[in-house]
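Student: One-letter residues, chain by chain:
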Amino acid sequence: MLLEVRDIAVGYGGAPAISDVSVDVGEAEIVSVIGPNGAGKSTLINAIAGLLRWQSGAIHFGGVDLSAVAPHKVCSEGIALVPEGRRLFPGMSVEDNLDIGCYRREARRLRARGFERAYTLFPVLAERRQQLAGTLSGGQQQMVAIARALMSQPRLLLLDEPSLGLAPSIVGEMFRVIQMIQQEGMAILLVEQNVGQAMEIADRAYVLEEGHIVATGKPQVLLAQSRIREAYLGL
Amino acid sequence: MSVKASPGMGAALLAVVALAAVPATNIPPYYLAFLYLIFFWIAMATSWNILSGYAGYWSFGHAAFFGTGVYTSATLATKFGVPFLLTLPVAACVAALLGSAIGFVVFRLQRLRGELFALITISMTFVVATIISNTPIDGGSGVYLISVPLPEAFGSQNGTIYLLGLFMATLTIGTAWWVFRSKMGLGLFAIHDDEDVAEVKGVPTFRYKIAAFALSSGIAGAAGGVYSIYVSYVTVGETFEVTVIMYPVVMSIFGGSRHWLGPAFGAVIVTTALYGFAAGPQASLVRGGVALGLIVVVLLLPDGVMPSLQRWWRILLPGLAPRQVLPELLVPTPRATGAVLAQIAPPLLQCRDVTKTFGGVRALKGITLDVRPGEILGLVGPNGSGKSTLINVITGHFQLNAGSVTFDGTSIEGMPAHRVARLGIARSYQIPRPFNRLTVLGNVALAASFGGGVGEAEAERLASYWLTYTGLAKKAFDYPVQLNLHERKFLELARGLAARPRILLLDEVLSGLNNTEIDEALGLMRDIRDRGTTIIFVEHLMRAVVALSDRVAVLNNGALIAVGTPEETMRNPEVVSVYLGKAHAS
Amino acid sequence: MPSLSLLEQSLITGVLTGGLYGLLALGLSMSWGLLRLVNLGHFAIALLGAYITWWLGTAYGVAPWLAGAIIVVAFFIYGVALHWVFMRFAVTEMASMLITFALAVIVESTLQFIWTADFRRYETPWGSESWIVGSLYVPKLNLMAFLVACLLAGGTWAWLRYTYVGRALRACAEDAPIAIAYGINHRRLSFILSGLCAAYAGVAGVFIALVATLAPSQIWSWVGVVFAVVIIGRLGNPVGALAGGILIGVCEALTMAVINPSWAALVSFSVLIALLLFKPRWV
Chain A
1 MLLEVRDIAV
11 GYGGAPAISD
21 VSVDVGEAEI
31 VSVIGPNGAG
41 KSTLINAIAG
51 LLRWQSGAIH
61 FGGVDLSAVA
71 PHKVCSEGIA
81 LVPEGRRLFP
91 GMSVEDNLDI
101 GCYRREARRL
111 RARGFERAYT
121 LFPVLAERRQ
131 QLAGTLSGGQ
141 QQMVAIARAL
151 MSQPRLLLLD
161 EPSLGLAPSI
171 VGEMFRVIQM
181 IQQEGMAILL
191 VEQNVGQAME
201 IADRAYVLEE
211 GHIVATGKPQ
221 VLLAQSRIRE
231 AYLGL
Chain B
1 MSVKASPGMG
11 AALLAVVALA
21 AVPATNIPPY
31 YLAFLYLIFF
41 WIAMATSWNI
51 LSGYAGYWSF
61 GHAAFFGTGV
71 YTSATLATKF
81 GVPFLLTLPV
91 AACVAALLGS
101 AIGFVVFRLQ
111 RLRGELFALI
121 TISMTFVVAT
131 IISNTPIDGG
141 SGVYLISVPL
151 PEAFGSQNGT
161 IYLLGLFMAT
171 LTIGTAWWVF
181 RSKMGLGLFA
191 IHDDEDVAEV
201 KGVPTFRYKI
211 AAFALSSGIA
221 GAAGGVYSIY
231 VSYVTVGETF
241 EVTVIMYPVV
251 MSIFGGSRHW
261 LGPAFGAVIV
271 TTALYGFAAG
281 PQASLVRGGV
291 ALGLIVVVLL
301 LPDGVMPSLQ
311 RWWRILLPGL
321 APRQVLPELL
331 VPTPRATGAV
341 LAQIAPPLLQ
351 CRDVTKTFGG
361 VRALKGITLD
371 VRPGEILGLV
381 GPNGSGKSTL
391 INVITGHFQL
401 NAGSVTFDGT
411 SIEGMPAHRV
421 ARLGIARSYQ
431 IPRPFNRLTV
441 LGNVALAASF
451 GGGVGEAEAE
461 RLASYWLTYT
471 GLAKKAFDYP
481 VQLNLHERKF
491 LELARGLAAR
501 PRILLLDEVL
511 SGLNNTEIDE
521 ALGLMRDIRD
531 RGTTIIFVEH
541 LMRAVVALSD
551 RVAVLNNGAL
561 IAVGTPEETM
571 RNPEVVSVYL
581 GKAHAS
Chain V
1 MPSLSLLEQS
11 LITGVLTGGL
21 YGLLALGLSM
31 SWGLLRLVNL
41 GHFAIALLGA
51 YITWWLGTAY
61 GVAPWLAGAI
71 IVVAFFIYGV
81 ALHWVFMRFA
91 VTEMASMLIT
101 FALAVIVEST
111 LQFIWTADFR
121 RYETPWGSES
131 WIVGSLYVPK
141 LNLMAFLVAC
151 LLAGGTWAWL
161 RYTYVGRALR
171 ACAEDAPIAI
181 AYGINHRRLS
191 FILSGLCAAY
201 AGVAGVFIAL
211 VATLAPSQIW
221 SWVGVVFAVV
231 IIGRLGNPVG
241 ALAGGILIGV
251 CEALTMAVIN
261 PSWAALVSFS
271 VLIALLLFKP
281 RWV
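Chains as they are written, first to last, in this note's numbering: chain A, 1 to 235; chain B, 1 to 586; chain V, 1 to 283.
These are computed hints drawn from the structure, not numbers from a lab.
Beta-carbon label-pair distances, calculated as ranges:
{"no.": "1", "chain 1": "V", "residue 1": "Met144", "chain 2": "B", "residue 2": "Leu85", "range": "54 to 60 Å"}
{"no.": "2", "chain 1": "B", "residue 1": "Thr243", "chain 2": "V", "residue 2": "Glu123", "range": "28 to 34 Å"}
{"no.": "3", "chain 1": "V", "residue 1": "Ala117", "chain 2": "B", "residue 2": "Gly359", "range": "50 to 56 Å"}
C-beta: ideal position from N, C-alpha, C; glycine also.
Could you build all of it, start to finish, from the sequences and the hints given here?
Tutor: Spelled out as structure tokens, the structure:
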């Protein structure tokens, strides 16, 4: 497995937001973690990206123990984060945002190729390369966020709620692009509350509820279970 | 709070009388002047603290009000021959007016907090200085007060100046103490910790800030008036000096800006260090030493020296520590159930076409929703669907762009949040936002006092009642940082309840709690409703929503897509498709 | 109405003074905008730089440019050390203001203790040289200060805009956690920036020594004006700092020429207050 998360617990002072969570992602695989809001999905993804420290358990990536890696070095291991709410650098141009993506030395060498790939995936960004990221529409901002992550030439892409706040038509487009990226051989860990879309493109899925993994397996199998309906609809 | 005679007050009175008698002894004028300077800086620092320390609006414009006072007294006494003592109240009024006027403009702009407020006040100082310097008020050459007559106390003018200084210092400390103990003081502390929450809990923030600014600048003006006769020759350069701007700040921080006596303590120490020992070339070194001391205090004791002193006091004299016991209170059994009422009574809260946009993004696209008295309404929807925005509109924190919100027949449109709170609408915050420097009891008492509109004693009684009710009574005298998440959530609940609301809006009170805690919270919420409070609660934990709600309203993309009983609503195909995707809507 | 040549002359004086304001504002604007630290001590160490330049020049005959080189290196180290303290104690914006104010007082009293409160003037052979263009005088040293201000402001602007490190600094100011997630070493960059801001103060100090009369209390005479310049130029924008400096410098010079020198201070503060009241988003 490329990414192995083993029994991690992350807390913010009080009760842990997630505990005993184990998640695996293999090469070129899309894995979805679904669950209602507040279940701890973002906490999990931020811990993998190095934004949060975990209190127990272990995360290994490509055989490397991430607990020994400084937060700003996680990216060099080949993990790129597309954070919830996009979190672009709003006062910087689209191009500058993408350049931050290839800040690390290894990625800088592939800068030209990175830009080419980004603008092929999202042609509209090429037209707006000098525009300030904060002035783009929600959908375009999401494109920049994904493109910025790809610029770092990652082996694993962490996507946190890519559909959040987007119009339904754009959501479909976004998931199509995510699938394209996977077909190029990228491993993807996707966290979503939009169950329908997330399950459609996933190879495997985990259901996170109140900080615990309560179910895992193939999407079709999971959707057939009543567990998900319960979590989302309370019935 | 009624002022009772206490040993502390007796001692303070005795000290003031003793100090007032000092000029009667044959003390050399040098020491009298030195003591006057201490009194002067006590008045300056303590008055600065009333707005800036209590409410956290750091003014770097104290010199502007001080200078206004200096020149009001100087001008009236020299050019118009007004008896000097009469010029002092005028100086106070002019400075207070200037302060309120500035506050009236500046406090309307929410963004002018922190360092921007500091900058605008420092700019005001230079503007006032330039104007005075270039107009006949000063004319650039300074004003002499040598020949201004002044009644003599203990046989000299110095005695009078000394007494005036003592009077100002006593008056200022008294005012600071009074504000500290009053409802306004509680409100100012809340503004310091979290102004938005303070407003939503019913604190009239705008009015309080102006009142504090007026008090603070008025006192500085009067102190300036006295100072003008002390120096007897006033110039713009020395009146508006940077030290006049900075010393009150330094003294308050040094002593502790959270306590009414902190700035006075800081003033005594700093003034003694500055003027007490040093004369000649060593003076500059002492000033450097004071500055170094400030750095150490800011780094190591961010709350100033006073809190540490209080701790030592308590250790040395345990008898003087305040009694920290809550009265035993019985929690009465539930009253008649409100659920029956819900069927027949007219709606308590009516939202009509409520629309809210943020810079072109429509967060709420015309929500129409009635809330019936005595019901529990669950408000659900995906992240970003507009639930929090709706809560913020109902509590008056956001002004709506179109539509109307009516509470029990009263339109709350355009009403400031603190008045909405007084109508009987209270809320809790998803991520608890307690006032961190108030005790748990203080947090709840504030909500009772401002939101519930009750007196101080009643507020404390209500607060301890709801703390007992939510199981926090043992933590009443702790500070919020000492609570765990579960307790902080319950503190939010207690703060909401203590305001005696008719509608309580709960924003994700259950998130982050474990199963037992959730069951406990659900029990509490049912009980609260049974006591007659209507509840709207936003929640993602669906089993709780279904178990608890009388009705559920579902928001998606800023629109209301379904409302009704939990079972029927959560089976609605549109709702299912929002959560699980189209394929599973069947 | 003053004559046209008087207006032209005051325009030149204003622009050149504005360059000096810009030079002083540069480091302040960068540390406030990109590190969120308000450095009141900036003025003090600029004046300290000026005194060191004067002292090395008059007592040991060290040329100003050589003194400048020493000062820049020493101040860079000071800036790094100061930032270490700020990081170590997790100092807030407000506390940074207090601490740096105290530093300014310490510098002021040290200067006063060593060199007394008397006015000092660095007499250099070039001090009185001017180019004469038509009927106008352009003092050479002031022009040089202006050119250096342009060079530094332009260079810093380009550095922030076109280099990886510069872009990374801006990214950290906008959203530090995400910048870190993309491999940016936030800590190291902020040390460099803090050192750089202090070094800019040193450069400003060298020119202050060359064109102005020195007295320890001068620290405070700049506070108001330069803060106005920093805000008018927008925080963290080096070219804006220079432009703001020139704007204020010209306004002041014209006020002096047309109305009365003593009204000059009102101009910058009125601009600042108006900006804060009517365009609070500017900051």
